[in-house]
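2 protein chains.
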Amino acid sequence: MKQPSALVALVDALRALPGVGPKSAQRMAYHLMQHDREGAERLGHALLFATEHLRHCERCNTFTEARICDVCSDESRDPTLLAVVETPSDQVMLEQTMTYRGLYFVLMGRLSPLDRIGPKEIHFERLVKRATDGVVKEVVLATNFTNEGEATAHYLAQALKARGLAVTRLARGVPVGGELEYVDAGTIARAMLDRRAI
Amino acid sequence: MKQPSALVALVDALRALPGVGPKSAQRMAYHLMQHDREGAERLGHALLFATEHLRHCERCNTFTEARICDVCSDESRDPTLLAVVETPSDQVMLEQTMTYRGLYFVLMGRLSPLDRIGPKEIHFERLVKRATDGVVKEVVLATNFTNEGEATAHYLAQALKARGLAVTRLARGVPVGGELEYVDAGTIARAMLDRRAI
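One line per chain: the protein sequences are A and B, in this order. Quick note: the first sequence, position 128, residue 128 per my numbering, numbers continuous. Quick note: the second sequence, position 144, residue 1144 per my numbering, numbers continuous.
There's no promise every hint is true.
Unchecked claim - To spell it out: a stretch of chain A is covered by chain B in this simulated footprint if at least three of its residues, at any positions, have a beta carbon under 8 Å from a beta carbon of chain B; those stretches are: (1) 3-16; (2) 21-28; (3) 35-49; (4) 53-64; (5) 82-93.
FYI, nobody ran anything at the bench for these hints, they're computed from the structure. Here a beta-carbon is modelled for each residue, glycine too, at the ideal position from N, C-alpha and C.
Modelling step: build the complete structure from the supplied sequences, incorporating the hints.
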């Protein structure tokens, strides 16, 4: 017994989504075809539109529809500061804090040898070129505080300091609203080591 | 800070997929745009093609690109037997057993009042009409042996028996290769009650 080819092709194509195996792909295809054809059509158009129009900013590497993204084109920003983040969502989070007015470089990933993500995949050469343009004075490493994020920060710090740049890292410590009783020991240990005068 | 509109539209459209919330939608969009544009394009085309060409078989309700599906059009099959399954994948499983040569009706779901899936959503009226065409003699209920599947089978059995049809259910018991020590008590209890002469 053969399933209709349009369905087979759809199930197969859905497996391009990260974390979607054959069973979930089938469940998704049935759901869309049975209950949400409008959603399926909208998703189809959104995918084709994004594939065609979305590109990487030539300066900061984030997604944009233009050659240079809005943030990089904003002349009111401080061009001597360059924050390095893993993803565009991290950039959005930093922007929401309203505490940073410099520019960005988006790695679109983190070093992770096990997943075969090395310096090339996080656009290391482009970052170095961007950071050594003569205008940038300080690079703020804002990768995540996970093992991979820390390793990435360490790697980048070595390379950028060797090129004479001031390199900083987001502060670690007890989160705002944190009760010591419920904060993990590693965080408290770090907060103790990095304690500051008030 | 605004994300590019093509990206926002894509993240939003991905939420039509079952079980995909805002965070996974964003992760999927980044992954596709960063690592698999070809896959994204293929998925876009597959969705649009399926939305346009996939329909329900007028007789058995499964997905098909024709008016009547291949199985229903197969004249070598026994038209007096009608198996009722929940999904097209269940039908494929039954076909693979090579033990059934009758026709099918695909509910495309199961009764589940909590999810607001009632008789209308599982096409109850169409099933009754199909089963009472004068040719069908026996309806084999092959819904799953989950709570919802059992409830659906019970509901359909009542309605179809009242219309004078012979109604059967797949046998329950110890699975092939099953060791009693590792089979759950409910299954063994049912196997004991349904024990048969050899």
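Here is what the structure says about each hint:
1. 3-16: Holds: 11 residues of the region 3-16 of chain A have a Cβ under 8 Å from chain B.
2. 21-28: holds (count 4)
3. 35-49: holds (count 13)
4. 53-64: Held - the region 53-64 of chain A has 4 residues with a Cβ nearer than 8 Å to chain B, which meets the minimum of three.
5. 82-93: It holds: at least three residues are needed, and the region 82-93 of chain A offers 5 whose Cβ sits within less than 8 Å of chain B.
Comparing the model with each earlier hint shows no violations; every hint is respected.
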